[in-house]
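Let chain A serve as the given structure and place chains B, C and D on it in line with the hints.
Chains as they are written, first to last, in numbering that gives the first Met the number 0: chain A, 0 to 343; chain B, 0 to 343; chain C, 0 to 343; chain D, 0 to 343.
A couple of the hints might just be wrong.
[Stated by the list, open to error] Below are the BS3-like pairs computed for lysine-lysine, each with C-alpha atoms no more than 30 Å apart in a straight line:
hint: 1; chain 1: B; residue 1: 120; chain 2: C; residue 2: 120
hint: 2; chain 1: B; residue 1: 335; chain 2: A; residue 2: 22
hint: 3; chain 1: C; residue 1: 22; chain 2: D; residue 2: 22
hint: 4; chain 1: D; residue 1: 22; chain 2: C; residue 2: 335
hint: 5; chain 1: B; residue 1: 338; chain 2: B; residue 2: 269
hint: 6; chain 1: D; residue 1: 269; chain 2: D; residue 2: 335
hint: 7; chain 1: A; residue 1: 335; chain 2: B; residue 2: 163
hint: 8; chain 1: A; residue 1: 163; chain 2: A; residue 2: 269
hint: 9; chain 1: B; residue 1: 163; chain 2: B; residue 2: 120
Note that these hints are calculated values from the structure, not bench results.
Given the structure is predicted, the values throughout are model-derived calculations rather than measurements.
4 protein chains.
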Amino acid sequence: MELNFRSDNETPAAPAIMEAIEKANRGAAHAYAEDNWSLRLNEAFSERFETDVCVIPMATGTVCNAIALASICPPWGSVYCHRSAHVYCDESGAPEFFGNGLRLVPIDGADGKLPHRPLDKAIRTSAGHGVHSYEPSAVSITQSTESGTVYQASEIANICEVAKAHGLPVHLDGARFANAVASTGSTPAELTWRAGVSLMSFGASKNGCIAAEALLLFDNHERREHIERLRKRSGHLLSKMRYVSAQLLAALEDDLWLHLATHANRQAAKFADAVGNHAGAELEFPVEANEVFVRWTPAGFTTLEEAGVEFLMWPGRDDLARFVFGHSTDERATDKLCKILGGL
Amino acid sequence: MELNFRSDNETPAAPAIMEAIEKANRGAAHAYAEDNWSLRLNEAFSERFETDVCVIPMATGTVCNAIALASICPPWGSVYCHRSAHVYCDESGAPEFFGNGLRLVPIDGADGKLPHRPLDKAIRTSAGHGVHSYEPSAVSITQSTESGTVYQASEIANICEVAKAHGLPVHLDGARFANAVASTGSTPAELTWRAGVSLMSFGASKNGCIAAEALLLFDNHERREHIERLRKRSGHLLSKMRYVSAQLLAALEDDLWLHLATHANRQAAKFADAVGNHAGAELEFPVEANEVFVRWTPAGFTTLEEAGVEFLMWPGRDDLARFVFGHSTDERATDKLCKILGGL
Amino acid sequence: MELNFRSDNETPAAPAIMEAIEKANRGAAHAYAEDNWSLRLNEAFSERFETDVCVIPMATGTVCNAIALASICPPWGSVYCHRSAHVYCDESGAPEFFGNGLRLVPIDGADGKLPHRPLDKAIRTSAGHGVHSYEPSAVSITQSTESGTVYQASEIANICEVAKAHGLPVHLDGARFANAVASTGSTPAELTWRAGVSLMSFGASKNGCIAAEALLLFDNHERREHIERLRKRSGHLLSKMRYVSAQLLAALEDDLWLHLATHANRQAAKFADAVGNHAGAELEFPVEANEVFVRWTPAGFTTLEEAGVEFLMWPGRDDLARFVFGHSTDERATDKLCKILGGL
Amino acid sequence: MELNFRSDNETPAAPAIMEAIEKANRGAAHAYAEDNWSLRLNEAFSERFETDVCVIPMATGTVCNAIALASICPPWGSVYCHRSAHVYCDESGAPEFFGNGLRLVPIDGADGKLPHRPLDKAIRTSAGHGVHSYEPSAVSITQSTESGTVYQASEIANICEVAKAHGLPVHLDGARFANAVASTGSTPAELTWRAGVSLMSFGASKNGCIAAEALLLFDNHERREHIERLRKRSGHLLSKMRYVSAQLLAALEDDLWLHLATHANRQAAKFADAVGNHAGAELEFPVEANEVFVRWTPAGFTTLEEAGVEFLMWPGRDDLARFVFGHSTDERATDKLCKILGGL
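Chain A extracted, bound-state conformation (with noise of 0.2 Å):
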């Protein structure tokens, strides 16, 4: 049995997506996007988010992230995030390429989360040097979180309330908000533009999808021109279009994306529990979606990847690694990590 748990980047798509992908595969489509499966992605998730939402489906969510910011924020603009965040640490620049030298601004906070106090401080401090200095432009939060925590919509409603009464708006990478969603119980509604976000970047290829994440705009959806314009521009306007849509309109379908991340939470949980009850490894940080960070001696680690598992040791550190659970990890597996840690 496979006991993969590097990264729910690796795992396959879902048996649903895959059925939806050949079912788009029949007959002549309409190129870049206008076709039937794109064109219903609007009521889709507007349906879903009980709200007129703007879709504009793409490729990756690298991309979704850094064409977002580039809408939100001008050249000489910055974007406030968490010190973890996927913008800041694993996109290579990319929120700086497409929005031609914008600056991101990383904020420390416990358990991968952006805390309001210290956003409305860096702010207020950044600002007041004219055009000498950046000029604060948006907020930018993940969720989950790059630290497998969740924030609540409490928490976005007090981000959001900074970042408003400063003037800016609030974009949130949802790589993984489907596992958030199934986390805490309230509706994509909530977690979002009711608690004043402004846009996101929907993901699924995480979770069960080949490739098929989404830009959403819950206001100013006059934004689309810019963001269809740098979609095109950047290479991301696929030609065949169809097949990426057709996977966000099978996820969504019956709730599939919940049922999925529910699934990979729930695998998450139990190891979280074999974590707590294990003499030595402790959690770095509360498990709230699929994500585990375990810290241990390193030998721990080394007689775990012995006995045939496989899982990332951090960048830079000996002592913490990360478990990821997807929508396709078996429960036998699961088990049988659980297993292998408590014997250890």
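The following block gives chains B, C and D in isolation, referenced to the frame of chain A:
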């Protein structure tokens, strides 16, 4: 029966490609192009091109072209291309975006082909003003061309010779390269590196795939680092790249790509004959690949549309239309099209 | 006696300009264009242009042009200009750099002038392909032109009318605007905003200053913020801007700029007469400002050089040379030049 | 008497600099830095720095810094600097603009100095994530610092050693380099290339010039081409560069730059003594160059302002002010300032 000849971008994927995707969907695989499919690309393309090829898979032709040009041309450099080139006309400035303001210099030429003597003159007259003007840096050609014609190996060699005399590398946009290989009977090697081409965008999306392209480096493999940085930075490093690479491998297997292109070319040839025999309609360009450009009366085209035929009226022209034949074009549809035209 | 007719960029500053710099050098002054000279620019230019002008001083014409275009054209927009325009030929891509990959579309026209009907056609044929192609966004003309000719107010009005019909603003590169005003006898207003020009680069460096240019906004003054951001971000907000602004104010005072330009034009006219009377040499373009383009034999030019005359052989041509007359050209030098030519 | 201690950017030019400009104003000179002043820069700086220096003159410090960093750091690279660095805080993203989205990584350190051990740690922890993260590429330090302190040669050597161990070149922002040389008594060579600095922005505008800075390359002179392209492309290749270069030559002549800086430093030291002797006011940082940061009560600062003293309240702080002393600060003004403070 569907009579859609609007674009090969509207075709579905070929069955063998779908199968390859399904096969790739079994179990976990390393993310970010470290999977077993992506790792086999160098070998597969090297074998088919009879030389050591460095392959970087991506999802669209636009990004392949744009990154290719950015990797051989500094921001203050210029790229010479045909006035109808996709990079000049249809990418909304992707090369300029990735190339941080590089310049494309369009050159006129009959039948969509870049003529080597005017190219030589254009390069010569634009140099020599030092830091004040753009520096001639690269040449880009399209094969098959935007006019549905095809360069013979010797024509490419002539262009490359001119470029080489000025120290410029030559890029080939091969969105429809398969159609050119099928048309000329020359080998992939003869039409590229043996003629002097340095790097190419190998297109498969129009020819039976969903979204699968590859940037091929024939020389200067150290460009790879720059290219991979731009791929990541532009959001084009798919986390689940295996699905792109699996398509590419399947396209190469047993020369599926050439069989599909041969079929498409044959349909185009059949229709070209029908046009040639028609009293009113005329061919705008020689038909050498899978595209047929027809010059006719607006009334003629209207009748054809009313008969249920779908094609593309050329932007800005009411007397010119494009008909594209694809890997999935049903031979009976082609016959019906010919018959309908013959009856008008 | 110096017989240097190579370029007005080689001239020293006029005595009145030097005096103004010295006067500005007394005591402290606010930095970053908050000084008393910079603060008077709006009033001084508004008076001279008979309308409310928003003035942003800078040190070079290239940055004025580049920022002007970047402020009216999105990265995916195109700017139409004459094929010989400085922005297209001589700025190494500054507009593309500041404009993040905008595109310049060169148009042919006799005597260095952008012809309005071909302009109209170019705009019409390049639109209509949506997100795939560059969006027609602006027009830029040069006054006096790169060929030493001058647009009449009505010619500018024709161009602006075409631009306006397509919703595009018109920029005027006025590196040698003084020479055009002096030549036409029209007012600055008539040659700019009254004819429909939206913004211009007002050049003074070639005409008696050391380094002093200004971007003038005739309408949409809210563009100022974008412009000032780009000025700072590109390192063009001089800490001691007072010296630039003092030059500009001195140039306007008592119409010094027009007196200097009139002198330069007169020298050019005198030499144009000499060329007109010569058996071999010929004028390449009508001489309407301070530049004279002479077509002659290579041997003829060599003799002239051997007689101690300095001028510019046109890059890539051995039968064409440019002679430029400046505010500091000694009338006796012009006479001597004419006499030398007459004797050959 | 003027009691302006707001900024050395508000000072006029020194008499010898004005004379040099006037001398440079006699007759014609080659344009675009091909003049006899610009051509002498390499020799003059090489002599003063005791090594072979490649000099590229420009008009502002911001462009020097930005182009310097862009020449040693790819768009996907990061530059490590102190959190208070001008490149990070005061240039509105010029390095990001010229560097096409490079990233500045700010590091905390006492007294405005980049501490070498935290630098080492920052570089080590940010590497190792391949194409996903920014690539550590360069280090930039400011001498004298933004806090008015000065690095000793050994401190610079420590930083350069860390940088070198990671293969990174070190840039020095020398907007107030003269004050540091005057303060340490070390030679320009000892404070730069002998300590391991690769290139620097040599500032003269704040120290007696109108607008004159130079980018100095101590090694890798082939970077010159990239730098000159960016200079042109950003509109910083002044047509009449002779006036900038003449200022630089005059600054070096007979060590005028050091005499002017010594005077400014002495005034600062005098005021620092006065603050040191004051019951309420305190020095925020050691005073080692020409800037004095004073921590005091808001009421105290108000009284000082009411007494006619001009200085800069630090942005975002009501208990901190900066006093800058320049080459033109009248010794009697300094005395008066000290006396006023002493009486409060």
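Hints, one by one, checked against the model:
no. : hint          : result
1   : B:120 - C:120 : holds, 27 Å
2   : B:335 - A:22  : holds, 27 Å
3   : C:22 - D:22   : holds, 17 Å
4   : D:22 - C:335  : holds, 27 Å
5   : B:338 - B:269 : holds, 11 Å
6   : D:269 - D:335 : holds, 11 Å
7   : A:335 - B:163 : violated, 62 Å
8   : A:163 - A:269 : violated, 39 Å
9   : B:163 - B:120 : holds, 14 Å
Comparing the model with each numbered hint stated earlier shows that hints 7, 8 do not hold.
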